[in-house]
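S.K.: Sequence:
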Amino acid sequence: MRPSRSNPARSNPARSNPARRPLAVAVTSLVATAAAAVGLSACAPSEVGEPEAAATVSVDPTATSTTEVAGVTVTQWGAGRDVVLLAGGEDAEAWAPLATSLAADGRLVVALPAAGADALADVAQALAEDTDAGTVTLAGAGRQATAVLALGAAQPDLVDAVAALSPTEAVEGAGALPTTIVVADGSESAEVADAIGMAGAASGQVQVYSVAGRRSGLDLLAGAGSGAVITYVTDRLAGVADDPLSQAPTPTDDAPVDA
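Our numbering puts the first residue of the sequence shown at 1, with every later residue one more than the last.
Hints in this document: simulated from the structure, not taken from any laboratory.
Keep in mind that the hints are not guaranteed to be accurate.
So the derived label-pair ranges between C-beta atoms look like this [claimed, not checked]:
| # | residue 1 | residue 2 | range |
| --- | --- | --- | --- |
| 1 | Ala154 | Ala212 | 27 to 37 Å |
| 2 | Asp235 | Asp185 | 25 to 35 Å |
| 3 | Val72 | Pro97 | 33 to 43 Å |
| 4 | Thr66 | Glu191 | 18 to 28 Å |
| 5 | Ala202 | Thr73 | 39 to 49 Å |
| 6 | Val240 | Asp157 | 30 to 40 Å |
| 7 | Gly106 | Gly227 | 16 to 26 Å |
| 8 | Ala212 | Val72 | 19 to 29 Å |
| 9 | Gly223 | Thr62 | 18 to 28 Å |
| 10 | Met198 | Ser65 | 13 to 23 Å |
Quick caveat: nothing in here was measured; it's all calculated off a predicted structure.
Ideal Cβ positions, reconstructed from N, Cα and C, are used throughout, including at glycine.
Build the full structure now, drawing on both the sequences and the hints.
M.R.: Shown next as structure tokens:
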């Protein structure tokens, strides 16, 4: 079992306040609702006296709910001990294609709209505490991709892995953790990805997935070639990704989009 994630430098008395609704409670409620939907009658004896197998409760990976984590309202998909925190964008809906893929893979996925570095760190810390020994992965787009890289570099005991869509800056120390970077080869972020990849080459932890075109940020999750990006990021976080240098098809509309 991995050591406790407790970080004295980020201790927050509010997190121990019973009034704060922990994420685990929200997940339990979501699973209970799913159980009610499938029905509990399968647990009752059959007419011929033979007990039936208990119903298997599953959570729809496309279903969303909202809860509060560290004082911030977030959107969540799926359920599981391993958590992926998605940061960036104006609303959670833009993350839906990747979020549902990750949720279908057995993860709890939490989307946090663009927020400051302190809020991002507070939510990540609260998730780590609520999920006990589960892993916490950060994924960000655009400026928030840079923010998650910075948080991973600053607090490697808190974060297990990082995924960045079109990071805007090369962060010192990024790449010490398992790091997945997705960029379009015609975007400004391509040079940033190269710099991070070169700086982290010694660790062997950085993989850059380059797609054709000039799209950036969350726009990489929509349109032509987005399916390959989503599959790669999902597989990379599961440790089964194929060649990171393979490219998705050239998008039909590759106009640059600001994240």
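S.K.: Tell me the numbers of any earlier hints that the structure contravenes, in ascending order.
M.R.: Those not satisfied are hints 2, 3, 4, 6, 8, 10.
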